[in-house]
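Trainee: Take the given structure of chain E and dock chain P to it, following the hints.
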Amino acid sequence: MTPALNGSNARPAPSGTRDVLPDEMRELREMTRVMVDLLDNAGYGEVRTPTLEYERAMAGAELGPSAAYRLIDEHGDALVLRSDMTVPIVRVAVTRYETDDLPLRFSYLARAWRRVKPRSGEAREILQLGAELIGSEPIDAAAELLALCGEVLSSAGLADWQIGLGDARILGELLEASGASDADSRALLEAVRDQDLVTVDALAKELGVPQAATIARTRINGDDLEGFDPVGIGINPDSAAWSDLTTVVGALSPEFRTRVVLDLGLAPKIDYYDGIVFEAYDPAIGRALGGGGSYDALMRAFGSSASGFGFALDTELVHAAVAGEERGEGS
Amino acid sequence: MSGDRLTIAIPRGALMVEALDCLERAGIDTAEVRSNDRKLHFPDVGIVTVRPSDVPTYVESGAADLGITGKDVLVEQSYREFVELADLDFGGCTMVVASIAGDPDPMDVAAARLGVIRVATKYPKQAGAWFAAHGKQVEIVEVKGSVELAPLTGMADGIVDLVASGATLRENGLVARDEISTTTARLIANPVSHRLKATEMDRVAALMTRA
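First to last, the protein sequences are chains E and P.
Using full-length UniProt numbering, the letters of the first sequence map in sequence onto residues 1 to 331.
Using full-length UniProt numbering, the letters of the second sequence map in sequence onto residues 1 to 211.
Next comes chain E alone, as it looks inside the complex:
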């Protein structure tokens, strides 16, 4: 390669951020334009919110991804660089709309800034595309947004996308019924979230709830759900979590169901997801392209009893998956 214009590369972009040059930008812009149009045509109007928000206005923000950057303005007010779009959109919904306006549907294509773990190679700045549905009946909302997320992934040019679907409440309900202490339950759920199944096995045995370890390891193809016996792995079939989950799967199209893996150990990576939760995958990429779920707890933190459901995709990962599929990876 010939040297850079200034003869050196000593002026890098901050770690976890990068420049996008015209060839890639052209592809990204075309891909995101199709996705944004699809959401808009589906009734999810695109919104834009400020990059900086008052920290004090972000109720429940501690439930979201932690903000990495704070600054103080000329009046001494603390501002945060948003770490996702869900919290700002909930702020918009509860401050700009009335109960009569429900349900509300919004979409966005926006950057967010995250704290990164040292040396992990994670992105500090991500370009997310997503949709939020506020004030709809929760199961309808889940079915609608799962289908929409699938359409968005297809529109981006992905053929082999799949969805992992779980419910944050299933293990919680089991532990509560077992009489395990809050501290023990938290430790076990944390091990589930860390995907440390060796610790999950040990704690489940110690607490006398071996079913918790079985559930955490259970993955069921969407197609096979009908013949699946939840009682066999210690799930109460009448529990709200299980009946919600099966109702949502039943509401999906047969084609969509072939792409779903019910993962009963799928733990939300973001704290505001408190019910049905899902992740989007493509076999060409080793990590989730994004995900979503219900966030009633976040709505309550903003003083609203309406329910909320949304999803967000990392557009650069989706783009990488498209490129991976084109190279024949994962098939």
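Treat the hints as calculated values from the structure; they're not laboratory data.
In this text, a Cβ means the ideal position worked out from N, Cα and C, and glycines have one as well.
No incorrect hints appear here.
List time: in silico SDA-like cross-link candidates among lysine to any residue, alpha-carbon distance up to 25 Å:
| id | chain 1 | residue 1 | chain 2 | residue 2 |
| --- | --- | --- | --- | --- |
| 1 | E | Lys269 | P | Gln77 |
| 2 | E | Lys269 | P | Lys125 |
| 3 | P | Lys144 | P | Arg170 |
| 4 | E | Lys117 | P | Pro124 |
| 5 | E | Lys269 | P | Val75 |
| 6 | P | Lys136 | P | Ala111 |
Taking beta-carbon pairs under 8 Å as the criterion, some of the chain E residues facing chain P (in silico):
| id | residue |
| --- | --- |
| 7 | Lys117 |
| 8 | Pro118 |
| 9 | Ser120 |
| 10 | Gln195 |
| 11 | Asp196 |
| 12 | Leu197 |
| 13 | Arg219 |
| 14 | Val261 |
| 15 | Asp263 |
| 16 | Tyr281 |
| 17 | Pro283 |
| 18 | Ile285 |
| 19 | Gly286 |
| 20 | Ala288 |
Mentor: Relative to chain E, chain P alone:
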């Protein structure tokens, strides 16, 4: 990640033979891997051989669906994303704090006189956490190998290292002063493969863990 066939990352070095034995139990032919020490990539049987500390990297990226490496490596690289599937119950070792044999312990002398203990280790995260939990100030000196040399040359007052029998410590005139943790070989999985290749992964993992 291709089809439902799994790619497995195997650690070169001390854990390698027993890791290959595990694969044999799962019906994977490891003869070529055992007979060819220089070759790294065995696509016919879905095996890649890498440094133990690189196993989480290959698994996190999806280049390998499954991997085998020590718990010590997983703790040190807990920032990576992988599913810890099973304890394979071999390669048992102890993570110890050690220093030159004799009384007083050179680490105590350093702490008393200089206020800080210099500790050489390949495991900066685990070493730092243990001394912090015990209220001792340390300066971690990260080395990549032959940690025992550090106190002998005066570069460090003590070491944190993994020992199997303790023979290397004794050979070098060192003695273990405290145990930090025990470690064994673990089976880890890429989170996406764990969901998309669930059936095949559960089948292989069950055979590998059957003692």
